Structure formats: structure tokens, C-alpha cells
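Student: Dock chain one against chain two, each of which comes alone in its own frame, and use the hints as you go.
Chains as they are written, first to last, in our numbering: chain Z, 1 to 261; chain W, 1 to 218.
The set of hints was computed from the structure by calculation and includes no laboratory data. Note that the structure is a prediction, hence the values are computed from the model and not measured. Cβ coordinates follow ideal geometry from the N, Cα and C atoms, glycine included. Keep in mind that a hint or two might mislead.
[Stated by the list, open to error] The calculated DSS-like cross-link candidates involving lysine-lysine, where the alpha carbons are at most 30 Å apart (straight line), are:
1) K88/Z x K120/Z
2) K106/Z x K143/Z
3) K88/Z x K115/W
4) K124/Z x K122/W
5) K122/W x K92/Z
6) K115/W x K120/Z
7) K120/Z x K147/Z
8) K80/Z x K48/W
9) K120/Z x K80/Z
10) K80/Z x K122/W
11) K122/W x K120/Z
12) K106/Z x K115/W
13) K80/Z x K115/W
14) K195/Z x K122/W
15) K170/Z x K115/W
16) K170/Z x K122/W
17) K115/W x K143/Z
18) K147/Z x K122/W
19) K211/W x K106/Z
20) K122/W x K106/Z
21) K22/Z x K115/W
22) K74/Z x K122/W
23) K115/W x K48/W
24) K115/W x K92/Z
25) K124/Z x K115/W
26) K195/Z x K106/Z
27) K211/W x K143/Z
28) K80/Z x K22/Z
29) K147/Z x K211/W
30) K88/Z x K122/W
31) K122/W x K22/Z
32) K48/W x K122/W
33) K143/Z x K122/W
34) K147/Z x K115/W
[To be verified] Simulated coverage check for chain Z against chain W, where a stretch passes if three residues somewhere in it have a Cβ under 8 Å from a Cβ of chain W:
35) 45–56
36) 110–119
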Amino acid sequence: MTDPIIRIEGVSKSFGNFEVLKDLSFTVAPGEKLALIGPSGSGKTTILRILMTLEEINGGGIFVDDEPLWHMPKNGALVKADEAHLHKMRAKIGMVFQLFNLFPHKTVLENVTLAPMLTKGTPKAEANALAMDLLAMVGMADKASQKPAELSGGQKQRVAIARALALRPKIMLFDEVTSALDPELVEEVLNVLRKLADETDMTMLLVTHEMNFAHDFSDRVLFFDGGRIVESGPPDQIFTNPQEERTQTFLRKIVAAGQRI
Amino acid sequence: MWDWNFVWQIIPQLADGVVITIQATVLGTIIAMIAGLGLAIARRSRNKFIRYPFGFAAEFIRGTPLLVQLYFLFYILPDLGILLSPMVAGVIGLGVHYATYTAEVYRTGIDNVSKGQWEAAKAINLSTRQTWTQIIIPQAIPPMIPALANYFISMFKETPLLAAITVLELMNQARSVANYHYKYVEPMTMVGAFFLLVSVPSVIFLRRLEKRFAPKLR
Ligand SMILES: Nc1ncnc2c1ncn2[C@@H]1O[C@H](COP(=O)(O)OP(=O)(O)OP(=O)(O)O)[C@@H](O)[C@H]1O
Ligand SMILES: [Mg+2]
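If we strip away everything but chain W, and leave its shape as in the complex, we get (with noise of 0.2 Å):
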């Protein structure tokens, strides 16, 4: 039933996989982490002709499954004229999409600072910009991070999608060996353990944070 030998057999091209789906989370995460803020700052805007097309947006993302976006992004944009590799259709994919989770974090977060704090800062005369870097945003960050770390392993576990538009990530490189071989135990036991073997350490690492970061500031 299990066979070792096909199991070094296929590592290598495991290997690659792994190598495509730590790129996928990684590159995911910086554009989640970055538009995520851009979003959370359109939707606090004054302006309500920003605040209200990107909420919108948000909560469109939000509501319609991962896969779909994906398959929008790399199946029906080129038909507009926009051609992405499925590396950066996948990368955007997932980025955009967590970065609507991303953005209520930081809206929180930032919300979580309380009112005296920024008319203490106008007491003091601060600058809007200094209210900003010095009170507010490092009380709103550590609170913030147990959250963003959980959306992080979530986008982990979810790179698998990304075969459906065609990168050769872990999954997809474990499927097609076991569609070579006729013979999926192991590829497929092998993927899973992957994710166990990242996804189980972060865990723990992420109710380290929690505990780190739980005790308010205040």
C-alpha cells in the first residue's frame, strides 16, 4: 500500500510545489497587508464617492468564494484585454481577497483607540501625521497582529485553489504526479502532511502572540 521508494521518487517535484506555494502565501500576504490598509483608509474616508465603491467592492469580495475571483481573474479577464500569468492572477487573487479581512482588522484596531487618546495628542498640539505615527498607530498595531497572523495561515491553507487556475503549486504538482503514477496515497498524504507540519507550529505560535498581545495596554 505505501511505498517509499515512490516517496523519494517524488519529492523533488513535491519540492518545487512547496517552493511556488511559500511564494503564492508570502506575495499574498505583502498585498493583503499593504492593500488591506489602502482599503481600510478608503473606507474611513470623508468622502463618501470613495468611502461607498470601495465598501462596495469589499463586501462583494467578501461574499463570493475565493475560486471564483480566481477563475475571473485568469479566465475572464484576458477576454478585457488583461492577460496575467496564473502565478500573478493567483497571487492577486488571494491578496485582494484577504485584504478585505485585512482592512477590518485595521479598522478595529485603529477604532480601538480611544477618543481621549487623539484629543490628548491635540492637547499637546501633535500634528495630525504625528497623531498619527506616534499614538495611535502603535496602540492600534499589537492588538491587531493575533488577527492578521490567523488570516495569514488561513491564505496558507487555501493556496491549494491556485491549481485550479493552473500554478504549479504543491497541490498541483502532488495531483499530477499521482495522475502520472496512477497512485495517490502518498503524494496526496504527503501534501496534507505539509500543511500539518507549517500550519500546527504557526498555530501554537499564534496563541503564543495572542497571549503576548491579549493584555490591554491600557
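Only chain Z is shown next, with the shape it has when bound in the complex (with noise of 0.2 Å):
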């Protein structure tokens, strides 16, 4: 078996007195397409926005490719990560958001190509031409020149995905991409997303409610609640036949929502 590529171990995470995360330890392999579900307000996109470095840790540790990412080596020991490590471990790790996030003021292809410009002095010719090869990907290389006010949520969220994948991340974090999405729009950004799980070797993190993108999308599915792993498995086995009882009850109460599993 492979080196994990992601190793979490024993991160507590609290806001204020409410802990959220409780000494959670995983591990994702390299190339993994992880399904994360659970009830609202279980930990999910903390966990999430911890590895995208938007919140930081408590407790415990995480590793990125065999190297700390909230902390740093320093005189043999590990300390508290400075801003110039955070710099250097989000390199590997690309988000896409929930409320897409694009800046508004930028065009399509601005967004796109500013990551690669900016963070790794990429020429423009260059980044441009790997912008639209990534909005082609997407199918959104014809708005290019567009604003994003311009374009419907399902566009938007592919131009965020596709700004996500211009600094070529090894890792991809997905939390609820197509939750703010109106129905019809939905399938566009799950089809990218099939594209990806199917076409790279990026590892991938899934936080959604859609079970059935899950079971498909997934080689392993983790139900949290409470701020812990309750179970974990491939989709086959969460789905069809879940040992917890916790579990059961929460893809009952899908299945009674409409969902089909």
C-alpha cells in the first residue's frame, strides 16, 4: 500500500467552547476520491477549510504529502507553521466553495489565470493558453471574456473549478458545490466533476448531500456525525448495507427527503 497522502491525526478543532471536531484521525490514499456525508453541522466543511488552511487546528496534527501543514520543523521540534509554510503547503491544495467565490471584478479568464501569474510567475501567453484548456475542460471556454454577474450558478461553479485547477493541485477539496445551485443546474458541475475523478489522479475530497453522486464519484465514503467518524467504507457497503445505527437513520431520513440512493 501507498504512503497516505493526506494523514490526519487526532485534530480537535473548537469554536468558543463548542467543540466541533473531536480527536479525528483519518488518512486519504494518493489518487483517493473520498465522499464526506452527515448531518448538517457534523464537522464536514471544518474539516475541509483546516486543510484549505482557512481555520486552524486545536489539537492534534495534519500531513500533507509527508509534511506537517498547520506546523513546522524548527531546532528538531515542530512548531506553529509561519505564513511562508501555509504559503508553500496551500500550493498543493485546491477548494472549490459552496457560494463559488469568483471575483467579480475580474473576468472569466482573470480568474483563471491570476493564481498561475501571481503565485508561480507564469507568463501570460502561457497562463492563458492553460486557462482555456482548463475552461474548455469545463465548457466554459467560450464566455472567457465574460464577467461573472454574467453567468448562471452552474457556470460559475465551473470557471471556480477551473480557477482551482490552474496551480495544478494535487489535492482537490469540493464542499456542497452544487448546494446553492438550482436543480436543472446541478448536473452541469457534477458531469466536471465525474470528468475529474475519471480523467486525473488528483486526490479528491467530496463534502455533499447528493448520495447518489456520492456512491458513484467515491472509492470511499466517511459518515460523520458529532464531530467524529462514525463509519467508513466503500460506497457499496455505507449505502447498501451500513453497520452503525446512526448511519442508517441518516440515509433514512434521505431516502424519506426524495433522495435515491
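Tutor: Encoded structure:
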């Protein structure tokens, strides 16, 4: 078995007195497609935000590519990471947000070229060519010169995916990327995710309420509840034969709400 | 009652005042823009030994009349060994007074850029400086422009206060001509007309700015 690309070891995280993640540990293999499911408030978004360094941890440790994420070695010990270390680590990770967060004052193309040009010094022509390839991949090449405000939600999200891919991250994080979309726009975004899963060897972590999609997409499913992993396993097992009562209850509710699993 | 000859006669002297009034407004505006930015940054500081004194000073300045501040700068600072020319005291007074307002405009403008923009910038690994220059400031500035312009028009209309510290701006010139000739109607009407002539187009321009920048970019 290859070394995991992400190791989460005993991570805890609190907001004020409220402990969101409790001694959380799991690993992710390189290239693995991992779905994170669970009830609202169970900490799924928080763990992605911690991996993107948007949220600090209060205890434990995380290793990405065998390097500590929130710590760095100094005089033989691990100390809290400084901005330079975080900057280096962030280059390995990309994230797509529920609310897209495109830069409204930049064109679609500029949204995608910004990071390579500013963080890697990629020349403009090369950044444009790369961006056009990515935009073509998400089916947005014809909108390259438009502003985000002129796009539908599904189109915005596809641009946001292209933007996150532009730094060629090894790991991509997707936080409920379709839940802000009108139902008829969901599929176009999911298709892009399917394509990424099929055609790349990126490691992907996906938080979703679309159980059917999680089933198709993932190699493994983690079921979260109350800041802990209650159950994990291959999608067939989790969705058709869950062992834990809490998983069963959660999935029963999902089915009752009208979703196909 | 209205003496056109007198009007023509005093125009050159009033024109000198107009030049000073415009200079005071422009210099005051520049100080307000720069000092306001400094103040906004100081009030966002994580260090409370920076944040609190500047916050207190700003509230103090905003809570007291500009005229009192001008008196302090011009008549009281010399007792402490700081001697300012009338124009310098006036421009500093205007600029610092209005900086407390522009600082608030900057602050709200920056706060109105959504948290998601900061996070997206971080997720594509931009540095803090790049995030400010490429993402935050370009989005924060357009909505600020009408509010800033509004304050600068107000500042312009308050320049006659500088007469109180002997700056020979338009109002002071008009007053001295009027006192000299014992004729007040023409000089004062001309002062009013000048302010109106500048303010009204400025306000119309401001309304257009508001329309231009009102639709949210987001
Ligand atoms: N910045 C914050 N300050 C305080 N509490 C927070 C903050 N962010 C998240 N929380 C709380 O932490 C808990 C976990 O939040 P998180 O967003 O990770 O849940 P989630 O599993 O993604 O839920 P959902 O399915 O609703 O998105 C929630 O109770 C939430 O209210
Ligand atoms: Mg969430």
C-alpha cells in the first residue's frame, strides 16, 4: 500500500466552547476519491477548511505529502507553521466553495489566470493557454471574456473549478459545490466532477448531500456525526449495508426526503 | 441697491480668495484621503495600543466642531511652541477633520467585501499583499467613491471657517471688501453664487457617480 497523501491525526477543533471536531483521525490515499457525508453541523466543512488552511486546529496534527500542514520543523521540534510554510503547503491544495466566490471584478479568464501568474510567475501567454484548456474542459471556453455576474450559478461553479485547477493541485476539496444551484444546473457541475474523477489522478475530497452522486463518484465514504467518523467504507457498503445505527438513521431520512441512493 | 460697477471692481480681490478656497479644498482633500487611510488601517490593527488611541482620537475629532479645532491649531499650538501659518493650520484642520469621516468610508468599503473573497484568494495561494491589491481594494473602492465625493463637497462648503484663523479665502476677502466699502450685498451674494456654482454641478456629478457605482459588482 502506498503512503497516504493526507494523514489526519487526532485533530480537534473548537469554536469557543463548542468542540466541532473531536480527536479526528483518518488518512487519504493518493488519487483516492473520498466522499464526506453526514448531518448538518457534523464538521464536514470544518475539516475541508482546515485542510485549506482557512481554519486553524486546536490539537493534533495533519500531514500532507508527508509534511506537516499546520506545523513546521524547527530545531528538531515541530512548531506552529508560519505564513511562508502555509504558503508552500497551500500550493498542493485547491478548494471549490459552495458559493463559488469568483472575483467579480475580473473576467472569467482572469479569474483562472490570476493564481498561476501571481504565485508562479507564469507568463501571461502561457497562463492564458492553460486557462483556456481548463475552461474548455469545464465547457466554459466561450465565456472567457465575460464577467462572473453574467453567468448562471452552474457556469460560475464550473469557472470556480477551473480556477482551483489552475495551480495544478494534488488535492482538491469540494464543499457542497452544487447545493447553491437551481436543480436543473446541478448536473452540469456534477459532470465536470465525474470527468475530473475519471481523467485525473488528483486526490479529491467531496462534501455532499447528493448521496447518489457520492455513491458513483467515491472510492470510499466517511460518515460524520458530531465531529467524529461514525462509519467508513466503500460506497456500496455504506449505502446498501450500513453497520452503524446512526448511519442507517441518516440514510433513512435522506431516502424519506425523496433522494435516491 | 445692486451696484454692477462695484461688482466688477471687487472681482479681482474675490478671485484671489477663490484661488485660496480651491487650494484649501484640494489640499484638505488630499490630506483627508491619505490620513483617512492611515486611520482606517490603525483602527483595524490587531494591536489594541494602536487601535484604541486612534479610535479615541477619531471619535474626539468627530465629536467636536471644526471651528474649535481650527482655533486649537492656530491660536493654542503656538503656546506649545508649534507655530503654523494660517493656511497650513487650516488645511491640516480640514484634512484631519475629514479624515475621520473618510476613514469610516474606507472601513465600511473594506468590510463590505465578503469573507468569501478573502478565502478564495487564500485558496489560490495569493499573498496578503496580492489579496489586498488584486482582490480587496479593487472591489472596495468603487462603492466608496460617492461617499468620499460627498465629504469633499462638504469640506469645500466649510472652507469659509478658515476665515476665523485669518486665511484670506473667499469669505474673508469678501468680508474685508464689504467692511471697507460698507457694502455687503454684492460681495456676500457673489460668495454665495460662487459656492452654488461649484456645488450644484458637483452634486449632479455625484448623483451620476452614485448611479454608476450603485449596482453591486457582486
Ligand atoms: N466560524 C465559526 N464560528 C462558530 N461556529 C462555527 C463556525 N464555523 C462552523 N461552526 C459550527 O461548527 C459546527 C460544524 O460546522 P460545519 O460547517 O463543519 O458543519 P457541516 O458538517 O459542514 O454542516 P452542513 O452540512 O450544514 O454544511 C456547526 O455547529 C457550526 O455551527
Ligand atoms: Mg458544510
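Student: A separate judgement is required for each hint: does it hold in the structure or not?
Tutor: Structure-based check of each hint:
no., hint, result
1, K88/Z x K120/Z, "holds, 11 Å"
2, K106/Z x K143/Z, "holds, 13 Å"
3, K88/Z x K115/W, "holds, 22 Å"
4, K124/Z x K122/W, "holds, 21 Å"
5, K122/W x K92/Z, "holds, 13 Å"
6, K115/W x K120/Z, "holds, 25 Å"
7, K120/Z x K147/Z, "holds, 24 Å"
8, K80/Z x K48/W, "holds, 24 Å"
9, K120/Z x K80/Z, "holds, 25 Å"
10, K80/Z x K122/W, "holds, 18 Å"
11, K122/W x K120/Z, "holds, 15 Å"
12, K106/Z x K115/W, "holds, 17 Å"
13, K80/Z x K115/W, "holds, 24 Å"
14, K195/Z x K122/W, "holds, 26 Å"
15, K170/Z x K115/W, "holds, 25 Å"
16, K170/Z x K122/W, "holds, 16 Å"
17, K115/W x K143/Z, "holds, 26 Å"
18, K147/Z x K122/W, "holds, 21 Å"
19, K211/W x K106/Z, "holds, 21 Å"
20, K122/W x K106/Z, "holds, 17 Å"
21, K22/Z x K115/W, "holds, 26 Å"
22, K74/Z x K122/W, "holds, 24 Å"
23, K115/W x K48/W, "holds, 23 Å"
24, K115/W x K92/Z, "holds, 22 Å"
25, K124/Z x K115/W, "holds, 28 Å"
26, K195/Z x K106/Z, "holds, 26 Å"
27, K211/W x K143/Z, "holds, 27 Å"
28, K80/Z x K22/Z, "holds, 20 Å"
29, K147/Z x K211/W, "holds, 20 Å"
30, K88/Z x K122/W, "holds, 12 Å"
31, K122/W x K22/Z, "holds, 26 Å"
32, K48/W x K122/W, "holds, 26 Å"
33, K143/Z x K122/W, "holds, 25 Å"
34, K147/Z x K115/W, "holds, 20 Å"
35, 45–56, "holds (count 3)"
36, 110–119, "holds (count 4)"
Checked against the numbered hints given earlier, the structure satisfies every one of them.
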